[in-house]
Amino acid sequence: MTRKPKEYDDIPGTFVFDADRSRQGYWLNQFCISLSKEENRQAFRDDPEAHMAKFKMTEDQKQAIRDRDWNRLLELGGNIYYTSKLGAFDGIVFQDLAAMMSGMSRDDYRKMMVDGGRSPDGNRYKSEWEKK
Amino acid sequence: MAKITAGIACSHVPAIGVAMDQHITEQPYWVPVFEGFEYSREWNKKNKPDVVFLVYNDHCTAFDASVIPTFALGCAAEFTPADEGWGPRPVPVVKNHQEFASHIAQSLVLDEFDITIMNEMDVDHGLTVPLSVMFGDKTPEDDWGTLVIPLAVNVVQYPAPTANRCYALGQAIRRAVDSWDEDINVHIYGTGGMSHQLQAQRAGLINATWDQQFMDILVNEPEKARKISHVEFLRETGSEGIEMVMWLVMRGALDEKVTEVHRHYHVPASNTAVGHLILENHA
Chain A
1 MTRKPKEYDD IPGTFVFDAD RSRQGYWLNQ FCISLSKEEN RQAFRDDPEA
51 HMAKFKMTED QKQAIRDRDW NRLLELGGNI YYTSKLGAFD GIVFQDLAAM
101 MSGMSRDDYR KMMVDGGRSP DGNRYKSEWE KK
Chain B
133 MAKITAGIAC SHVPAIGVAM DQHITEQPYW VPVFEGFEYS REWNKKNKPD
183 VVFLVYNDHC TAFDASVIPT FALGCAAEFT PADEGWGPRP VPVVKNHQEF
233 ASHIAQSLVL DEFDITIMNE MDVDHGLTVP LSVMFGDKTP EDDWGTLVIP
283 LAVNVVQYPA PTANRCYALG QAIRRAVDSW DEDINVHIYG TGGMSHQLQA
333 QRAGLINATW DQQFMDILVN EPEKARKISH VEFLRETGSE GIEMVMWLVM
383 RGALDEKVTE VHRHYHVPAS NTAVGHLILE NHA
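Which chain is which? The protein sequence lines are A and B, in order. Quick note: the first sequence uses our numbering, first residue 1, plus one each step. Quick note: the second sequence uses our numbering, first residue 133, plus one each step.
Calculated directly from the structure, the hints in this document are not laboratory data. Be aware that one or more of the hints could be misleading.
From chain A, some residues computed to sit far from chain B (all C-beta separations above 10 angstroms) [as the list claims (entries may be wrong)]:
no.	residue
1	K4
2	Q42
3	F44
4	R45
5	P48
6	H51
7	K56
8	D60
9	D69
Residues from chain B shown here face chain A by an in silico Cβ test under 10 angstroms; the list is partial [what the hints assert, rightly or not]:
no.	residue
10	W218
11	E231
12	Q289
13	L330
14	A332
15	R334
16	W342
17	V363
18	G370
19	S371
20	E372
C-beta: ideal position from N, C-alpha, C; glycine also.
Please work from the sequences and hints to get the whole structure.
What follows is the structure, given as structure tokens:
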């Protein structure tokens, strides 16, 4: 079944974690959350493929994990509170993860936040991004 | 009779807890955040609650993707600060007023709010950061200085409960508290927010104008605030800004007219706009 259009689909640069994404990403998210426990972090360190194989993920999801492709993980049903555990496993703090997902350097992103954050102006609708 | 004498809104940014735990609140980055809490801590000492009813969200700590209750009320005797992957925060165990919590659970269900009852639950930064904001530095050997009844709200998987439903739940909590025959002072906290987006290309979104207007209408025109749609929260305040529905639970438990005694707003703490209100209830 194809995904029905949603009233929030026109928000740019955002993956709304709804039931469709939750179904798609279930095992990916359960894999990520397993990394909250040291025993699982150790298992993933020792043999990444064997630890990933414990969760019924698609090959695309596993590849996105191998690539640490943070936006692709969200596109494939990951939720940020889960995927951030994979970031933490790599020693990446939340703000730097946000910088990576938004395609900015760590310093540029930090400066943007200190200067008041990303403005909503020009960032409410996909059509505004297409004009850029 | 138990009385709700105040409502407190507060962001629960994990970095605020980290700054306190690592004793770096004097750093220039953090000074403006914590200056806004100085009044709150003094006020809290003068208006000490016996019980805090604390509305927050769990961040995949007590609930992973396998169980997603929309409203879960903590009825356990105590709640341990959770290990969120970096070791537990060095703060006290959270102690419940168990009989009162059970009364509220029963009252809510009979009032047709079909909540989930939690008899075992660890609590994450969503709950402990607002306590740290109001009660200041504490070690694991200390006591928080209040009993706490936690209410976890799902805001991770869309849709969160609507602003309207959260407000109505607040009204039901008020009825439950008002019918408890013990002379105690109750504060209700609505936590989370304000504008923030933690994910994807639009990460870092902050909407200070919207946030300030939200605080205005939440305080003075709650009937307007309860009508805010999910899509407005998502578009205007970022995908994680939808946490602000939890402020509506707090507001619903207060009188129509309240006195705003304190407001604090600062950008940023990490990726988030920090918002904080103290509202006195005169019932």
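Non-conforming hints, listed in increasing numerical order: 11
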